[in-house]
Amino acid sequence: MAAVPAEPVADLLHDPTAAYRVVSSRDARWDGRLFLGVVSTGVYCRPSCPARTPRPENCRYYACAAAAVAAGFRACRRCRPDALPASRADDHRSDLAARALRLIRDGAVDEHGVGGVAAALHVSERHLHRVLVEEVGVGPLRLAQSRRAQLARLLVEQSELGMTAVAFAAGFSSVRQFNDVMRAEFGRPPSQLRTGTGGTDRRPRSGGPTLTLRLRYRDPYAVDAAWGFLGARLVPGVEWTHPDGSLVRTVGAVGGPARVCVGRPSGGLVAVRLDLAELSDLAALVHTVRRWLDLDADPSAVDRVLGADRGLRRLVRRTPGIRVPGAISGFEMAVRAVVGQQVSVAAARTVLGRLAADLGEQGVFPGATQVAAGGETALRGIGLTGRRARAVLALAQDAASGRLVLDPGADRDATRRHLRALPGVGAWTVEYVALRALGDPDAWPEGDLVLRRRVRDARLDPARWRPWRGYGAMHLWTATPSAANDAPTPSTEESR
479 MAAVPAEPVA DLLHDPTAAY RVVSSRDARW DGRLFLGVVS TGVYCRPSCP ARTPRPENCR
539 YYACAAAAVA AGFRACRRCR PDALPASRAD DHRSDLAARA LRLIRDGAVD EHGVGGVAAA
599 LHVSERHLHR VLVEEVGVGP LRLAQSRRAQ LARLLVEQSE LGMTAVAFAA GFSSVRQFND
659 VMRAEFGRPP SQLRTGTGGT DRRPRSGGPT LTLRLRYRDP YAVDAAWGFL GARLVPGVEW
719 THPDGSLVRT VGAVGGPARV CVGRPSGGLV AVRLDLAELS DLAALVHTVR RWLDLDADPS
779 AVDRVLGADR GLRRLVRRTP GIRVPGAISG FEMAVRAVVG QQVSVAAART VLGRLAADLG
839 EQGVFPGATQ VAAGGETALR GIGLTGRRAR AVLALAQDAA SGRLVLDPGA DRDATRRHLR
899 ALPGVGAWTV EYVALRALGD PDAWPEGDLV LRRRVRDARL DPARWRPWRG YGAMHLWTAT
959 PSAANDAPTP STEESR
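Each residue of the sequence shown is one higher than the one before, starting from 479 at the first, in our numbering.
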């Protein structure tokens, strides 16, 4: 197994000699973590670019593509650094910069503006800009702009949408802004980026557009483990498996319900068919799918740490590239966790299917407002005990009011405290929600009976797996052929 350098990118940015060694060796393990700007050509590349290595004095180094573009470089047409999956290298952090990066990656600037992001983080716009410039070299607007440009290029290359439709689907406020940004990012007008027939279906479902896109990820990807885990937890009426092995589900979106069909990942690409009510929902849905399938994980970095543990090494070698499936909706995942306490996966699916049928609409899992409006009577009517119904209702009421935030941009410590204070929610549920809804890769549901048994029997030390204990949990949950049906189940002390 190839080792991944443990040094943070910040160290390389301040040590050009070490950074040049990475570039000279064409070390692909740094792709997506370090970007090379070449003064003599005006392009920026990934470290593994096959082009001739430039002279040291012509090299500049950046922590993200947006910083390279801000410095005046355009993406290399040979190694396509702009096509790399996003990095989750900082997802284990909970500081201001890391939270801001997660919010921007989620599209918060497009939805709420920089002021909204700053308000969510309880800082001024000026302070937020200063912190991000110090951390990655550019401010929030430039980061959001780069995010839009990368989505726009994906649509230009893989769909038949007109340029105006691409511009607004990617989140640009005008066609002129779209053209200017695309020229700055890629050195060409967007029309010159279109290489062939894309995947827009001219026969859209229910009047909305249908697109098939190919999303990138870093190999390896433990497909059987991920598909087994997700497949065992499909909520009836909301999710199902297509005969070809694809996973299909309905997703709530601003413009109306959307249908998502994802094929089995292969060769660094996963085909995703999106049946949309409105094209404006596209950007958010693409990111939701990436989070759901954990497409932005760096499996080499995870496997390096987990594989160094003698007790876990065999599992890592047998299943490289394990993923932690994320959440389509943070509230949905929290409800799944509460309903799944101390019951089998099959029993939890039955109850969740009833919940979706009774309180959801058009095959979409109900949101917090709908569940709160249903009240305890509706929840007990689907088979929940009084204690469990009150726990779900408390979740719904706090999420609907905005007091409880359940997404990757949340303050994880504050969210954990809030969840612990709710009736019927204990340590296992809190950590399971942190892992799958908040995207904390180091979350560890310590009270889980399956994890507790396997840690004890193999004499494992999860503390050695930091900051990737959540990935270690996935290895243990999926360690046997029947593990997909093992319920991640809390101990008897979980419910209060």
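Derived from the structure by calculation, the hints contain no laboratory data. Nothing here was measured: the structure is a model prediction, and the numbers come from that model. Cβ coordinates follow ideal geometry from the N, Cα and C atoms, glycine included. Among these hints, one or two may not hold up.
[To be verified] Restraint-style ranges between C-beta atoms, simulated for each label pair: (1) Arg654 - Ala786: 45 to 55 angstroms; (2) Gly734 - Ala506: 49 to 59 angstroms; (3) Ala941 - Glu535: 43 to 53 angstroms; (4) Ser652 - Ala506: 32 to 42 angstroms; (5) Glu839 - Glu589: 20 to 30 angstroms; (6) Arg530 - Pro494: 41 to 51 angstroms; (7) Ala936 - Glu535: 35 to 45 angstroms; (8) Arg742 - Ala786: 21 to 31 angstroms.
Verification of the hints:
1. Arg654 - Ala786: 45 to 55 angstroms: holds (52 angstroms)
2. Gly734 - Ala506: 49 to 59 angstroms: violated (41 angstroms)
3. Ala941 - Glu535: 43 to 53 angstroms: holds (45 angstroms)
4. Ser652 - Ala506: 32 to 42 angstroms: holds (38 angstroms)
5. Glu839 - Glu589: 20 to 30 angstroms: At 22 angstroms between Cβs, range holds.
6. Arg530 - Pro494: 41 to 51 angstroms: violated (19 angstroms)
7. Ala936 - Glu535: 35 to 45 angstroms: Because 52 angstroms falls outside the window, the suggested range is violated.
8. Arg742 - Ala786: 21 to 31 angstroms: holds (29 angstroms)
The structure fails hints 2, 6, 7 (numbered hints given earlier, in ascending order).
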